[in-house]
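Colleague: Position chain P against the provided structure of chain F, taking the given hints into account.
Chains as they are written, first to last, in the numbering used here: chain F, 97 to 471; chain P, 4 to 616.
If you're looking for bench data, these hints aren't it; they were derived computationally from the structure. Positions of the beta carbon are idealized from the N, C-alpha and C atoms, including for glycine. Hints may be right or wrong, so weigh each one.
[Unchecked claim] Label pairs and their in silico Cβ distance ranges:
hint, chain 1, residue 1, chain 2, residue 2, range
1, P, Ala18, F, Ala290, 29 to 37 Å
2, P, Arg22, F, Ala290, 44 to 52 Å
3, P, Arg103, F, Leu341, 33 to 41 Å
4, F, Val240, P, Arg230, 52 to 60 Å
5, P, Leu34, F, Gln342, 54 to 62 Å
6, P, Val160, F, Gly241, 53 to 61 Å
7, F, Val182, P, Arg230, 51 to 59 Å
8, F, Glu167, P, Ser19, 23 to 31 Å
9, P, Arg497, F, Ala290, 52 to 60 Å
10, P, Ala18, F, Pro138, 45 to 53 Å
11, P, Ala18, F, Glu167, 19 to 27 Å
[To be verified] Here are the computed lysine-lysine pairs in the DSSO-like style, where the Cα-Cα straight-line distance is at most 30 Å:
hint, chain 1, residue 1, chain 2, residue 2
12, P, Lys434, F, Lys338
13, F, Lys142, P, Lys125
14, P, Lys392, P, Lys434
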Amino acid sequence: MNVRKKFVRVDWPVFLLVIALCGAGLLNVYSGTRVFPSSGIPLFYKQMIWILLGVTVFFFFCFFSGGFIEEFAWHVFLTVVAVLLVVLLVGKVRGGAQRWLSLGIFTFQPSEFAKIALILALASYFSGRYSYEGLGFRDLVPAVGITLIPFLLVALQPDLGTAGVFLIILVAMMVIACVRAKVFFLVGVGGALAVPGLWFLMKNYQKQRVLTFLDPGRDPLGAGYHVIQSKIAVGSGGLLGKGYLQGTQGSLRFLPEQHTDFAFAILSEEWGFAGSVVLLLLFLALVYRMYYLASQSQDRFASFACGGLASYFLAHIVINVAMVCGLFPVVGIPLPFVSYGGSSMLTNMMALGILASLSRTRFTFQTGEQKSLSA
Amino acid sequence: MKGRIRKREQDPWIASRVRILQGVGLALFFLLLGRLYWLQVVKYKEFLKLSEINRIRIRVVRAPRGVILDRKGEWIGVTQGSYDLIVTPVDVEDLDGELRLLSKVVEFDPGEIREKILKAKKANPYRSITVARDLSFEQVSVVEFNREALPGFSILVEAKRSYPSGPEFAHVLGYVGEASEQELAAAREGRFSQGDIVGKYGLEKARDDVLRGINGGRQVEVDAAGRDKRLVSEVPPRTGGAIQTTLDAGIQMTAYKAMENQAGAVIALIPKTGDILAFVSTPAFDPNAFSRGIRKEEWALLLKDPRTPLQNKGLQGTYAPGSTVKPFLALTALETGVQNPNARVRCDGSLRLGNRTFRCWKERGHGWVDMYKAIVQSCDVYFYSLGLKLDPDHVASLERSVGLGVLTGVELPGEKTGLVPDTSWKREVMKSRWQSYESLLLGIGQGAIHVTPLGMVSGYAAIATGGKVMRPRLVSRVVRMDGTSEEFPPVLQRDLSWSPHNVAIIRRALEGVVNDHGTGGAARLPGIVVGGKTGTAQIVSIKGKMIKSEDLPYEIRDHAWFIGFAPVSDPEICVVALVEHGGHGGSAAAPLVKAVMEEFFRLKQDAEKGGDQ
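Isolated chain F, as found in the complex:
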């Protein structure tokens, strides 16, 4: 397939939705950082650079063939696992957890990339195992093993939020890969029994966060305070919001991490219920489109990978917004494209680039291009 055709077959609805979301995010970063600017380059400009880099990454991955991506799924996965090991051993400690790897000029969070790598690895595994009778227990054991490796490495950092996303990805992909309903039920029961075990794995501050979530008054200076203030920000936005740059909660530094994890609070304070709904509809459209591409694809690997990627976005969006609204404990999960941050922007753009590339397989039978796919 030549470059022009590849370009034409980029999934433009996805791309346009992303550009719209990035634009909203950029405006929001400006609002969130204007009162107390950080030293150095303003984050607004930095975010702009991240978006441009992100778009480049998107197109870069677009032009890979689906077969090439499948071919390299396992290499990528093993590399990421190795990098996670390195992070655990030498990573920078920020906020009490070792999540960051310093690359000279900037630090990045390999656990973000690990999510994509896991999706590709699971898609590759499930597409090889696919059966019309549905998958049973035996098919699941390796899949659980594949997930547990990065899960444990990230949980030890410790970053339970990200580790939790790995599990969500696994479950979502089990659904798409047609695991039998009965098996699902039994796995669900087993998982419910494992929750108390997880409690022992948690560090004190994580337990504290869960408890704070259950009872926000517990830690009025820390996480509980964040949740209360975040709810005030969202609630005081009302139907139509206070107006752009008119928010008071954020600008008065009531909100912690206002431009990153709590970016949505600023947005809904300034744009109100109407703005929040518009943003959520954009996200919903994006996720729906991704699932649609997953169901349309003619190639099983592509289907599973696209479904996994869609679920990954769904998880991030829902967890972040629920956290801001006080429906979920405070975990370090950013809102895609809206929260400030380089690692997250690049990972998300890469994910969509891969999706755009894989989703081309739905044209396969219309144009008879099997050869180019495997080339």
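Modeller: Structure of chain P alone, referenced to chain F:
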């Protein structure tokens, strides 16, 4: 590549499974929309009001530090209530005006405080910070009376570290103060926040991890003037863990009192365990001044004082040991078999080496002296010749093994090693050859050698135990915040396995110093046999004639040493006293050691009597 494409018609099963996920996604989005509707539409008015008035203020409730106990359980570091002036930046109306008003009542530097408040305002204007600590009753009344004119400021009772006895424990316990920028930056996140009190010096710093508690917090709703109206929620602070030290408050006080106005150090320890009973450095300072926030003038005064009150002379001051090293030379000679203890040396008051003359402190000379008499009379000529006979590396090795010129490992920050020279030091550091006059000076503890009082007492404790070098122990038990306790048993650092016969010769000589017309008669105790050694560390050598140190100006007077242990037969206590510019060890330092030992045995007797009843 093999054809990996699994071509298929659109798989209806996969498509239906994807629809399930789509359904889950849709449901979750509706859940979020519902929640947003609830917060933004239904509860709008309530939240709007909260955001408009935003009258919730955050008050940090500082955790009290844990107590510090002496070996008998007496509290030597406690926590007291203190009236502190706090400010919530957002409620301040006229910062400069209010500060001007306050500066009439409260002693602080308005410029410094102004900067602090502006910085806090940037970080979180709703969080109150402490601007002045430990106000007097009068100051509190004036501030309370003028509340209307001071919006944003209020009085809060907070925990303050307090030392009941004051300067007596200043250097060993140290002091606390507000965490500095560097300390805040170096700490892991969540360890402490702006305005927290941390250990800055001494034991407070060394075991800050145990002593510091966990801050609590209050969210309060305030009225328009910033006054607390309603407590929204509260998390109580947790008091820090407790530390039991090996110190004995009675002995510490005695040692401090005995020093009077002199500068120097007194350390007492139990040779068998290394337990530090007293650790005094003078001149001292009042650690309580740091707890309330030391004023600039006070601080400047401490820094400027030529007698360095902020230095712990016991482990940071290094001095030439003078004659106090003589027992170590004698022991080296005995252990290496270089000198028979009965061999005699003729002292005519001086010794010639090349074209230089080295004098004995006794101008007339001691006549014929053997090892016993040489130590008892502190004969310099005997030890000059012994120094020349010994291998300097053997001497250095023995001295270092007992704690001289090395770190003893005491649990206090800032310990210095001092220096014990040997030939490789001379070669590598000084880039020259070892000279014979250096061997000679080695014999009387002059030249390059300089040691800390702590190193010295560790060395004599080793003679007292017959070669068992214990690590000086200051903390015997720690009870952490979570209730777990940890014991710190004595640590044997080295067992030198000296010949008991040789050790007995040295001990007998040290006994003679105090009891057999020797230089240390001033340390004699009735009923208890004390052994020890005097020392006088020269600062300048006066050529020509002998001048009594007492007749020299203070700054160039000699340092006086005395180190002793008692009872000689089975030592229970070992004490060092160093008096800076004190003159002769026998007259300036020995009485201090005597006073400390007297108190030790008196307390022991009291305890035994108490036990009998």
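Colleague: Look at each hint and say if it fits the structure.
Modeller: Results of checking the hints against the structure:
{"no.": "1", "hint": "P:Ala18 to F:Ala290: 29 to 37 Å", "result": "holds, 31 Å"}
{"no.": "2", "hint": "P:Arg22 to F:Ala290: 44 to 52 Å", "result": "violated, 29 Å"}
{"no.": "3", "hint": "P:Arg103 to F:Leu341: 33 to 41 Å", "result": "holds, 36 Å"}
{"no.": "4", "hint": "F:Val240 to P:Arg230: 52 to 60 Å", "result": "holds, 58 Å"}
{"no.": "5", "hint": "P:Leu34 to F:Gln342: 54 to 62 Å", "result": "violated, 28 Å"}
{"no.": "6", "hint": "P:Val160 to F:Gly241: 53 to 61 Å", "result": "holds, 58 Å"}
{"no.": "7", "hint": "F:Val182 to P:Arg230: 51 to 59 Å", "result": "holds, 54 Å"}
{"no.": "8", "hint": "F:Glu167 to P:Ser19: 23 to 31 Å", "result": "holds, 29 Å"}
{"no.": "9", "hint": "P:Arg497 to F:Ala290: 52 to 60 Å", "result": "holds, 53 Å"}
{"no.": "10", "hint": "P:Ala18 to F:Pro138: 45 to 53 Å", "result": "holds, 46 Å"}
{"no.": "11", "hint": "P:Ala18 to F:Glu167: 19 to 27 Å", "result": "holds, 26 Å"}
{"no.": "12", "hint": "P:Lys434 to F:Lys338", "result": "violated, 77 Å"}
{"no.": "13", "hint": "F:Lys142 to P:Lys125", "result": "holds, 22 Å"}
{"no.": "14", "hint": "P:Lys392 to P:Lys434", "result": "holds, 23 Å"}
Checked against the numbered hints given earlier, the structure breaks hints 2, 5 and 12 and satisfies all the rest.
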